[in-house]
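K.L.:
Going by the numbering used here, the sequence shown opens with residue 1, and the numbers climb by one from there.
Any given hint might turn out to be false.
To be verified - Label pairs and their calculated CB-CB ranges:
#	residue 1	residue 2	range
1	H8	R67	18 to 24 Å
2	M1	F29	38 to 44 Å
3	M40	R67	38 to 44 Å
4	K2	T48	22 to 28 Å
5	A68	R11	20 to 26 Å
6	H8	P33	34 to 40 Å
These aren't lab readings, by the way, just hints derived from the structure by calculation. In this text the structure is predicted, and so the values were computed from the model without any measurement. We put the CB at the ideal spot given by N, CA and C, even for glycine.
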Amino acid sequence: MKLPSPAHLLRLSAVLTLIGLLLMLWSMFVPTPLPVILAMSVGQLFGTLAFALYGFVVLQDLRITRRARRIQHAPDLPDMRDLPNLRDLRPDEPPDEVSP
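Sequences and hints are given; from them, build the entire structure.
P.N.:
What follows is the structure, encoded as structure tokens:
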């Protein structure tokens, strides 16, 4: 099963957030039991679902970015027998003369 695109999930998250906010505003302007109960249950459900969708998209993007960065910075590792001696590459002693 293929997931919807991140842009689609973010739009859905925004719509759910707006619906939740509208329910909260309705309960503030009409403070009767029905709007308050709907805002506290359905509005909270929409807000939580919207936040979960947003968090899912962010985590998915971080995972893809880290994977791409890891692949980009991982050089092809040569065989250990082909490597020169490490002392030849980086001597432990500083050079005798430093050129100006």
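K.L.:
So, for every hint listed, does it hold in this structure?
P.N.:
Comparing the hints with the structure gives:
{"no.": "1", "hint": "H8 with R67: 18 to 24 Å", "result": "holds, 22 Å"}
{"no.": "2", "hint": "M1 with F29: 38 to 44 Å", "result": "holds, 41 Å"}
{"no.": "3", "hint": "M40 with R67: 38 to 44 Å", "result": "holds, 40 Å"}
{"no.": "4", "hint": "K2 with T48: 22 to 28 Å", "result": "holds, 25 Å"}
{"no.": "5", "hint": "A68 with R11: 20 to 26 Å", "result": "holds, 24 Å"}
{"no.": "6", "hint": "H8 with P33: 34 to 40 Å", "result": "holds, 36 Å"}
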